[in-house]
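Peer 1: Could you build the full structure based on these sequences and the hints that come with them?
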Amino acid sequence: MYSPVLHHTHRHAPPPPAQNWSHRHYNPPHPTASKLLSKKWEDKSRSLHLKKIKEAKSTIDSRPPRVWPHLEVRLKRVQVEQERLQEIERNNHILLDRIAFQLDNPSEVSDLKSSQRPPSHRGSATSVNSSGSTRSLHAPKRKRDLKAIEFQNMTILQRIEDQPPTYPRTKFFASRCQNLEYLRNIAQYPQTYERLLEGHVGRHRRESSLCVHEDIVLPPPGKTNGRPPTRPNRMLGPLEDLVIEDVEDGGAADRKREEFPRIA
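The opening residue of the sequence shown carries number 51 in the working numbering; numbering runs sequentially from there.
Since no wrong hints were added, every one of them can be taken at face value.
As a list, the in silico DSSO-like pairs of lysine-lysine whose alpha-carbon atoms are at most 30 Å apart:
| # | residue 1 | residue 2 |
| --- | --- | --- |
| 1 | LYS104 | LYS85 |
| 2 | LYS89 | LYS102 |
| 3 | LYS90 | LYS102 |
| 4 | LYS104 | LYS94 |
| 5 | LYS90 | LYS104 |
| 6 | LYS102 | LYS85 |
| 7 | LYS90 | LYS101 |
| 8 | LYS89 | LYS101 |
| 9 | LYS107 | LYS94 |
| 10 | LYS107 | LYS90 |
Just the calculated beta-carbon pair ranges, DEER-fashion:
| # | residue 1 | residue 2 | range |
| --- | --- | --- | --- |
| 11 | ILE210 | ALA189 | 29 to 35 Å |
| 12 | ASN142 | LEU196 | 53 to 59 Å |
| 13 | LEU87 | ARG245 | 25 to 31 Å |
| 14 | ASN235 | PRO81 | 21 to 27 Å |
| 15 | TYR232 | THR82 | 20 to 26 Å |
Hints in this document: simulated from the structure, not taken from any laboratory.
Ideal placement from N, C-alpha and C gives every residue a C-beta, glycine not left out.
Peer 2: Structure below.
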């Protein structure tokens, strides 16, 4: 049994805690040798200043002004709204009376028997069976064409996956991660590069997890030219699909296999 080997061997340094990045964003007003100490002193001074402001007593009356009742409750607006609701209620009663009158006295102008006739299928590519349902005459041909297209697509996909890669993806991935780590360590705002690094590593882990899935049987290393498969092979191949249909239709799959041979 082929045991999958993870191609990613580059180990990343653990990211620094988020609270240790705040001093990088700080721009001191004067030249300083340590942004960390300068930010601590500035935060201490600011906290003392805010504490003094909070404890200071106000000498100005900042209460909201008095609200007068005739300005808060508009009686004219309430009256207009009540009149509008009464008019809507009156119109609803009139409409309800008209509907009830039509239901009690149905009209004899329309005839429902003529509208219930089944539609004619003359001149169309459909047939009506004994139960009355329609069936398309071109369905078998479309099904055969779809099978042929699926077989050709699977053949093209097999050829593409059998080709060796042109670029060393593993080396490119390790180099990209190393560059992102350097940028994260020297940047003033390292959160951006940290998100890029986490997304890059997470995407690579999702691709690598396809090689160790318990439901997937991996081919030998020579079948994929030394690279991991691009996708899990969970679907039946075209020949296996034809073998299953051969049991059901009694030999029709052999004729399909001769009509669409597998291209090596």
